[in-house]
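Protein chains in written order, with the numbering used here: chain E, 28 to 144; chain L, 12 to 583.
Among the hints, erroneous ones may be present.
Unchecked claim - Only part of the chain E face toward chain L is listed, based on derived beta-carbon distances under 8 Å: (1) E46; (2) F47; (3) G82; (4) L110; (5) E113; (6) P131; (7) T132; (8) P134; (9) I135.
Please keep in mind that the hints were generated in silico from the structure rather than gathered at the bench.
No experiment lies behind these values; they were computed from the predicted model shown.
Note that CB positions come from ideal geometry on N, CA and C, so glycine has one too.
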Amino acid sequence: MKSAVLVDDEIDLVESIQEFLETEDIKIVATGNNGQEAVELCIKHLPDFLILDLGMPKFDGIHALEKLSEKNSSIKVIIMTGLLDEEHKANLNRFKIDASFTKPTSPIAIADFIKNN
Amino acid sequence: MNSEQSIGNFHKIWFISLIASTLLVILVYTINYFYEDDFSIFDSISLLLYTIIPGILVTVSIWALRYEKINGVPKKSLIFLCLAFVCWFLAEQVWMLYDYVFMIDPFPSAADIFYISAPLLMLISLVIFLRPLKNQISKKSIIIAICISFLLLIPTVIITYQENNDVNFIELIIVLFYPIVDAIVLIPIIITVSLLSHSKKNLFWVMITLGMMVLIAADTSYLFLELTDNYYDNHPVDLLWLVSYLIWTFSLWYGIYNSKISSNSDDDLKKYETQLLGRYGAIAFLVIMNVTVVTVLLSINYFAINQYDLEFLDFFTSFLVMIMVIFSILIILLNKTMQKNLKQQTSHIENISNELIKAEKFSAIGELASRLAHDMRNPLGVITSSNMLIKKNPTKEIISKNNERIQRSLDRMEHQINNVMDFVRIRKLHLQKISLHKLIDDTLNSLIIPNGITIKKPIENPSIQCDVEQFLILFYNVVYNAIQKLEKNGGDIIINYEQNDVNNIIKIQDSGEVIPDETISKIFEPLFTTKYQGTGLGLASCKQIVKQHKGTIRVENNPTTFIITIPKDLKE
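Just chain L, same shape as in the assembly (with noise of 0.2 Å):
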């Protein structure tokens, strides 16, 4: 299975497992309401929920935390995010302590601890995520984000103090602490969505800032709730605290698996990100919101007949249904203008790639007629200053030695230009059976071998299946680099075979310098040379050849050794 398809497949299951786990969470939620004991069997269900649930989202927080890098989120931030679903899983459980076990609902608790810092550090980790996009965000989103903010903020204030003006003022101040951090925490959750729908596409954040809006909404109800004594255990408004647990869970399971998709696959986990976010984000994020939203709207008209003043009712649900419709629209929005980015962007990166892939070729293009023009003036200025001693002083030894310097010349131009023309041409293999033998005698007869410089065969000399033509000029190649090493002070090189059960292995030894160790790994990219003569296309069509024939060429120093396996049962 390819990494596009794994991908892809992940998608599926990822997306399949949220809309399952949020339908079964409803489910769960609806059928209590059906059953009228005072504890069934689906309240101990929808009390396990609040542990199992919670937990879960913790236990995966903390795997999270164990990856070195998740994409796109800084590690400070992934703490933060952490330590608040580490409070909300405290102040659950406290909750449930005093309600089940203790049988108490004292206020202020300890849970209201919890309860206020978790979104407090949800806030720091948005803001840790934020602080380095700032020049991206946009004044005019920062002043859309406090309005909206500021909209929460003053009627929710206004409505909790007029009904606790009773309370004493400790009460008081944590009363409102809940609409003010909620408020608060508002402002960045609007600049990452935002930021996310113009240039960072990153699904972890979406469903992070998803999960906040759900759960602002969510306490945003609840005090409405309690303000009107209308909140009672298991009420259906716990359901959307459940939904945002569960976004945050599938948040940190996404995050943890594009961490582990290794880096040649981002490209690939980057489209589907792209791609997911446009067909299904806004279609996903309106289906959690709506099913939500009207179950809850559901469950309390079922219960209204029997226990709601209807007059209350009619006034949780209109403000149910605009908080929808403002979402809705928000996304719809949202979705659009991401979506005319997203094309923008797209042909803006194709355009810059183009133009990359040009100047690119053109850099090679140029890089390699200078090298081609430097090395051929060496060779040119040997046959000029020859030629000039041949005509200044013509006995028979001087037109000998220059003749033989003027050959060399010709040999080295001759090379420079197989060289390029051998990296260039791509032809298709020929396979034919030569001995090895053959093949280095035929190799060495196309060279000069200065004097001092001892070439040793190996004994063995198996019949090796090749393309002939391309393995000389792999061999020539090797044992010119190694020649022209051991030029000035002599040497040797060594020819030796080695195979096993699937492969023929020829090592190419030569007693001259080692290669030095920052160079070692580029020896085999093309233009790349330490020489200053040489096109650096050598070892590059070394490469190109060992990897037609679907062996592998690699050096090893100390001695200098060329290794080179090609596998025996070789197809065209």
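With the rest of the complex left out, here is chain E (with noise of 0.2 Å):
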């Protein structure tokens, strides 16, 4: 079974998609609401997955990005974004990242892509 952790900072949508993954047989080893919680999550899991938002208050996703790059992480990166403008994208190339998704995301599409992957 793959692992991922989840971050958001949307309680409501973190809690669907934990649960919509979950009935995929993916398993949602945690679930944060900022960056930096997000890097201490992958830190203590080792999770397969994180599936990350970008805009999120204190610390956002390319502050966990940043983080996890410096520790040559290997965990492969969902990214979960309401917006990728092109400053955004900008920042976005600095990292290897597996997936971007615009909300609203289907699940089943993040589901597909950690199944095949």
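Taking the hints as your guide, dock the two standalone chains into a single complex.
Listed below in structure tokens is the structure:
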């Protein structure tokens, strides 16, 4: 069973996607609400995937990506964001991103990607 | 009285005082010549003028130094100007001491040191002023300045040299110093005048350069009078020095007033300064110049019959008329260029402002649209995944749980749309009385209060006069923000009521995290948000509503408390 850490500041979204992915036999080992938590949870649980929102208060998704790339993490990253503008795209080019989805993201698409990778 | 009126009044008083004091000094001098006594009362008055006028100049310049900043005048530049004025004051005092107390006329004397130092200090001051503006100075104006300076320098130096070839070397050097220093100072003066006529309109520097031009005219006239042995104490040419001291005093007064005006009056001041320069600048300059020169000529002519060599008088009169004509033409030309540039610049600035306003509007609309799009995507995401969960496993429990999520998301979307509409729509106030408890209850009924958050109402239940619909939006936004802060860990929201003679004060306090210092001042600005969700219009709407009620809203930390103050006696 593949495992994932899910991080988004929208609590309802985290819960609903978590519940859906679990019905698809993907284990959500932990959930968080900001970039700092994403880093801590990835180090603690070493999941196969990190499903990450970009715009979050205090520590955003870019912060998490920076910290994880410093640690040479091999966790596959799935970005799930409300707005992917030019600035964000340019920022993301610095990191290895395995997939990116624009909200409203279909949880089926995320599940399919995880299963096939 | 508004700031525009007060600036206008200041300019009137300033202008009238300048003209009145100049005319007064001229009057004292003119009357003086009708008395043939050796030492008349007017002699003593004119004597006093040499202490009083430079004395006032020094006092005002020291007063000006107290101000941290005088618009358009670098501090260092002002210091050197003041030193120059102090030198002129000392020079006048030393001169008087020799003339009236010791009854001697030594040359060279201590007065000469001060007389020569003063224009040099003025030169340094002008250079400091001009240095940061060097990019705006055209080569053409530098060449013209040097040419005019040479025009003054060459004849004066030649005549001085010829007339003094019998004196010793040191004396000759000192005598030659005067025309040389004056000619050098004339260069930055002409550059400054040309600069002021193009872009940097600043009445302070216009007056300073005007004063210096009058002083150079005085120095040159004095030189010719001295060379032909026609100078005597209280000669009409002295008037020119006094006029330049007066002009400088008024320029400093103007600078001081300028620095006192608060920054929001800057635009008014600039408008009046430009208007004043455009309308009266050239006229004032010409009036002062011409009145002074004509008075000097009349006085000399009056005395010429008795004392003067008529040949010299012809030469002197034509010299003064020539200076007068040159200055007048120069000023008229400069004024025309200035007016033309002013018109061009005004229309250019208007165009730029319009473009900026448009760009700002588009940028705000773009920002808001992007926020709304981002904010809608999150609840839409919740609705999408909840819907899929229901489709996949439509048990009663799953349906009920996901329906709640969908409802919350729909509420969120409605809230975002309302936020925008509340901010954009400006409505007339419809005041009515409502009890505070009713207001709070109605607000809470429209909100979903998560478990773990408790809301405490005040014990007091006063009747409050307000626009109920608007106040519900106000309370909704403040309480909604507090709920969002407490959503994760729970906490208390406490609503308190206080009053004084004139105001109702409502305090909404939450036990959530404090607002960081760097954001607290921006919290009521439109489009400002620290949340990654939200339009940034909620609290801006609150401020707008409270302002419409002639009240205030502010926020304090430890604990976070929004304080709304509304006058009790409100009228629509």
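Verification of the supplied hints:
1. For E46(E), the suggested interface contact is upheld, since its CB lies about 6 Å from the closest CB of chain L, less than 8 Å.
2. Using the Cβ-Cβ criterion of 8 Å, the hint placing F47(E) at the interface with chain L is satisfied: the shortest such distance is roughly 5 Å.
3. The closest approach between the C-beta of G82(E) and any C-beta of chain L is roughly 4 Å, which is under the 8 Å cut-off, so the hint is satisfied.
4. A hinted interface residue such as L110(E) counts as satisfied when its beta carbon comes closer than 8 Å to some beta carbon of chain L; here the least separation is about 4 Å, so the hint holds.
5. Evaluation of the E113(E) hint against chain L yields a violated restraint, the C-beta minimum of about 12 Å exceeding 8 Å.
6. For P131(E), the interface hint holds, the least distance from its beta-carbon to any beta-carbon of chain L being 4 Å, beneath 8 Å.
7. Below 8 Å, beta-carbon pairs count as interface contacts, and T132(E) has one with chain L at about 6 Å; its hint therefore holds.
8. At a threshold of 8 Å, the smallest CB-CB gap from P134(E) to chain L is about 5 Å, leaving the interface hint in force.
9. With its C-beta approaching chain L no nearer than about 7 Å, I135(E) sits inside the 8 Å limit, and its interface hint holds.
When the structure is compared with the earlier hints, a violation turns up for hint 5 alone.
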